[in-house]
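There are 4 protein chains.
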Amino acid sequence: MLTHQTSYRVIYADTDKMGFGYHANYFRWFEIGRAEMFRHIGMSYKEIEDHGYFLPVSELHCKFLFPVQYDDLLIIETALDNTIRGGIKFDYTVSCENTSRPLARGYTRHAFLDKSGKVVRPPEFFTRLIRQQSGFAE
Amino acid sequence: MLTHQTSYRVIYADTDKMGFGYHANYFRWFEIGRAEMFRHIGMSYKEIEDHGYFLPVSELHCKFLFPVQYDDLLIIETALDNTIRGGIKFDYTVSCENTSRPLARGYTRHAFLDKSGKVVRPPEFFTRLIRQQSGFAE
Amino acid sequence: MLTHQTSYRVIYADTDKMGFGYHANYFRWFEIGRAEMFRHIGMSYKEIEDHGYFLPVSELHCKFLFPVQYDDLLIIETALDNTIRGGIKFDYTVSCENTSRPLARGYTRHAFLDKSGKVVRPPEFFTRLIRQQSGFAE
Amino acid sequence: MLTHQTSYRVIYADTDKMGFGYHANYFRWFEIGRAEMFRHIGMSYKEIEDHGYFLPVSELHCKFLFPVQYDDLLIIETALDNTIRGGIKFDYTVSCENTSRPLARGYTRHAFLDKSGKVVRPPEFFTRLIRQQSGFAE
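Going down the list, the protein sequences come from chains X, A, Y and H. The first sequence begins at 1 in the numbering used here and counts up one residue at a time. The second sequence begins at 1 in the numbering used here and counts up one residue at a time. The third sequence begins at 1 in the numbering used here and counts up one residue at a time. The fourth sequence begins at 1 in the numbering used here and counts up one residue at a time.
Hints were generated in silico from the structure; no laboratory data involved. In this text, all values refer to a predicted model and were calculated from it rather than measured experimentally. Check before you lean on any hint, since a few could be wrong.
Each pair may be met inside one copy or between any two copies, as identical chains are not told apart.
Heads up, simulated DSS-like pairs for lysine-lysine below, C-alpha to C-alpha not over 27 angstroms straight-line [what the hints assert, rightly or not]:
no.: 1; residue 1: K63; residue 2: K115
no.: 2; residue 1: K89; residue 2: K63
no.: 3; residue 1: K46; residue 2: K115
Can you make the complete structure from the sequences, with help from the hints?
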């Protein structure tokens with residue numbers, strides 16, 4: 001598993017009248033987590049699109065364990081399963097600085113689409129990058 | 001299973017640069033689905049809160065089968081599992097007028113909290129309402 | 001002035017921890033207002049894009065007079081200034097069913113862009129439509 | 001004028017089908033700008049609320065000059081007008097790293113409310129903080 005950590009400060013726009021982070025907004029934070037992981041391993045998601053590939057979310061799951069509060073500095077830990085088959089899967093754990101307990105855990109699955117919107121196999125440039133990052137010999 | 005249908009028109013704000021509905025926004029539509037079901041069975045979610053109970057999302061899942069497009073008139077079918085235990089679960093199917101194929105399928109689980117934020121058993125007024133709606137004798 | 005009214009039910013996703021509608025979400029409601037006005041006068045915004053024109057927001061203003069609450073059924077009144085010059089301007093008044101006082105007032109200005117992103121004059125099919133709706137002889 | 005700069009990376013969730021940042025999302029960025037300015041001058045907005053004061057947006061304006069793109073690293077420059085009367089006003093300029101031209105310019109006005117929701121004069125702890133930051137003798 002490749003892993004990466006990034007942080008995000010919860011804003012008012014993220015909260016709802018219960019006083020906590022609204023559940024749908026966690027998927028913005030998941031997006032930030034995987035975008036920063038892509039950047040960290042040497043190819044931003046923007047560059048993947050510039051190569052003609054798109055990675056829409058095909059499936060998503062999240063368990064909300066403890067509420068997230070306004071102005072919390074969240075730690076988003078993103079892990080990429082490097083056994084790439086048809087698509088890819090990211091696992092996320094959201095916690096808060098100063099506390100180690102996870103506040104939410106989830107995953108997203110993504111298909112590779114080409115410019116015409118057809119599902120395709122992960123391109124060679126991508127699988128090679130992941131293999132390199134994972135420390136396997138080519 | 002209690003079921004209810006409501007509709008929602010996709011706006012520009014819901015879309016992303018891929019040209020389709022952004023995945024996190026589906027959970028706004030799920031919220032509309034369950035809110036309108038609550039209203040339909042005779043007690044809006046606002047009234048549940050006025051009674052001192054809160055129903056935050058504790059778990060969420062969605063499969064995105066086909067993309068949703070700008071200006072689509074979505075049909076959100078919401079089903080409430082009437083075997084209420086600790087919490088409640090809603091199932092959702094999103095489709096588009098004029099086509100029968102589902103575009104997305106998902107569920108949300110909700111815990112009952114009291115005003116102090118403590119997890120509690122579903123209140124009697126709520127379980128009675130669901131039993132009545134499900135046609136069971138009391 | 002062409003005017004049109006549409007309604008919108010405030011959801012949890014629209015609220016923030018202050019317990020009211022978050023200010024940025026009003027612009028989703030403004031979008032709904034102008035989209036339904038376009039549809040009402042016989043050409044949806046989607047059709048305008050299908051003709052090769054885009055109407056991004058170039059300027060926006062809003063005064064927030066009274067807070068909007070969860071589950072409020074908002075009435076969005078949209079007015080289109082029919083003196084079309086370089087672009088077009090919509091005025092909006094947001095109120096709540098059962099009360100006549102306005103909760104918010106704002107406007108948006110929009111430029112016409114062609115597919116290449118260049119600012120262009122409003123196309124003939126559009127100005128003709130507005131003139132017809134405004135009851136002027138051609 | 002007190003001024004402060006902070007940055008924000010545009011995510012997919014911020015974009016719309018035109019391929020650019022959706023206009024309503026700029027007000028999330030404005031919020032980030034003023035929250036980080038508050039933190040920088042020594043009192044986070046959360047602390048202001050902890051003191052029993054709320055600063056809802058009472059008026060808002062924005063001119064969108066050039067589009068914002070996915071993955072842009074935005075620079076949000078926030079300026080606080082230190083002539084505080086009934087409420088306060090922030091001015092914002094959004095630009096992108098590597099280019100100096102502004103992409104958007106706007107402002108927000110905020111009233112001070114107490115816990116009961118009544119409009120009040122800016123509290124002494126706040127005006128003192130601003131005077132100190134502005135370099136005036138007390």
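Intra- versus inter-copy proximity for K115 and K63 (alpha-carbon distance at most 27 angstroms): Only across copies: K63 and K115 sit 22 angstroms apart there, 33 angstroms inside one copy, limit 27 angstroms.
Intra- versus inter-subunit Cα pairing at 27 angstroms for K89 with K63: both (16 angstroms within a copy, 13 angstroms between copies)
Up to 27 angstroms CA-CA - K115 versus K46, copy category: both (14 angstroms within a copy, 22 angstroms between copies)
Hint check: no violations occur; every hint is consistent with the structure.
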